[in-house]
Amino acid sequence: MAKKVKIKAKEKKGPEKPLVKVPAQYVFYCHDGGVFADLRELAEGLKAMSDETFAYHSNLQKQDFSNWVRDVIGDEELANDLAKAGNRLQAAEYLVARIASFISK
Numbered sequence: 002m003a004k005k006v007k008i009k010a011k012e013k014k015g016p017e018k019p020l021v022k023v024p025a026q027y028v029f030y031c032h033d034g035g036v037f038a039d040l041r042e043l044a045e046g047l048k049a050m051s052d053e054t055f056a057y058h059s060n061l062q063k064q065d066f067s068n069w070v071r072d073v074i075g076d077e078e079l080a081n082d083l084a085k086a087g088n089r090l091q092a093a094e095y096l097v098a099r100i101a102s103f104i105s106k
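Convert by adding 1 to the 1-based position in the sequence shown; the result is the number in the numbering used here.
Be careful, since some hints might not be right.
As the list claims (entries may be wrong) - List of simulated lysine-lysine pairs, DSS-like, C-alpha gap at most 25 Å: (1) K22 / K48; (2) K85 / K48; (3) K22 / K63; (4) K48 / K63; (5) K63 / K85.
What the hints assert, rightly or not - Simulated DEER-style distance windows between Cβ atoms: (6) G87 / H32: 17 to 25 Å; (7) Q62 / I104: 29 to 37 Å; (8) L20 / N68: 18 to 26 Å; (9) A101 / A38: 15 to 23 Å; (10) A25 / L61: 27 to 35 Å; (11) N60 / G34: 14 to 22 Å; (12) D72 / S102: 29 to 37 Å; (13) L61 / S105: 33 to 41 Å; (14) S102 / Q62: 15 to 23 Å; (15) L20 / L61: 15 to 23 Å; (16) Y57 / V97: 19 to 27 Å.
The set of hints was computed from the structure by calculation and includes no laboratory data.
Ideal Cβ placement from N, Cα and C applies to all residues, glycine included.
Based on the provided sequences and hints, a complete structural model is requested.
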């Protein structure tokens with residue numbers, strides 16, 4: 002008789018230190034000259050940048066903000082939200098909400 006094997010579902014893990022500044026070699030360099038080293042700086046930068054700068058980094062061809070959050074910060078959930086954001090203010094709202102969720106833990 003075959004032995005039944007239970008497979009545990011992987012628990013979704015968020016970033017280990019989501020609000021810590023990243024090392025200098027991993028900062029996000031924005032097209033308009035802005036430099037972001039953590040999620041708070043990115044949120045503030047999105048609020049202040051022009052729509053054109055946002056469109057340069059977030060469009061059908063590339064998702065720079067989403068990729069940075071996924072690959073450098075390690076937050077898949079937030080990266081997916083940023084990829085869906087239709088404009089810079091919506092992206093900033095996703096960031097602010099995610100930051101608040103880390104603070105309230």
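Cβ distance range 27 to 35 Å for A25 and L61, holds or violated: holds, 31 Å
Agreement of K63 and K85 with the hint, judged by alpha carbon distance not exceeding 25 Å: holds, 12 Å
Does the structure keep K85 and K48 at a Cα separation of 25 Å or less? Satisfied, since the Cα-Cα distance of roughly 17 Å is no more than 25 Å.
Holds or violated: the 33 to 41 Å window for the beta-carbon distance between L61 and S105? holds, 35 Å
Given the proposed pairing of K22 with K63, does the C-alpha separation stay at or below 25 Å? holds, 24 Å
Okay, Q62 versus I104 on CB: inside 29 to 37 Å? For I104 against Q62, whose Cβ atoms are near 34 Å apart, the range 29 to 37 Å holds.
Is the hinted range of 15 to 23 Å satisfied by the C-beta distance from S102 to Q62? Since S102 and Q62 have Cβ atoms about 30 Å apart, the given range 15 to 23 Å is violated.
Can you let me know if the beta-carbon spacing of L20 and N68 is within 18 to 26 Å? holds, 19 Å
Please check whether A101 and A38 have a Cβ separation lying inside 15 to 23 Å. Holds - the Cβ-Cβ distance for A101 and A38, about 19 Å, lies within 15 to 23 Å.
CB of D72 to CB of S102, is that within 29 to 37 Å? At roughly 21 Å between Cβ atoms, S102 and D72 fall outside 29 to 37 Å, so the hint is violated.
Cβ distance range 15 to 23 Å for L20 and L61, holds or violated: Roughly 31 Å apart at Cβ, these two residues miss the hinted range, so it is violated.
Could you check the hint for me, namely that G87 and H32 are 17 to 25 Å apart, CB to CB? holds, 19 Å
Checked against the numbered hints listed earlier, the structure breaks hints 12, 14 and 15; every other hint is satisfied.
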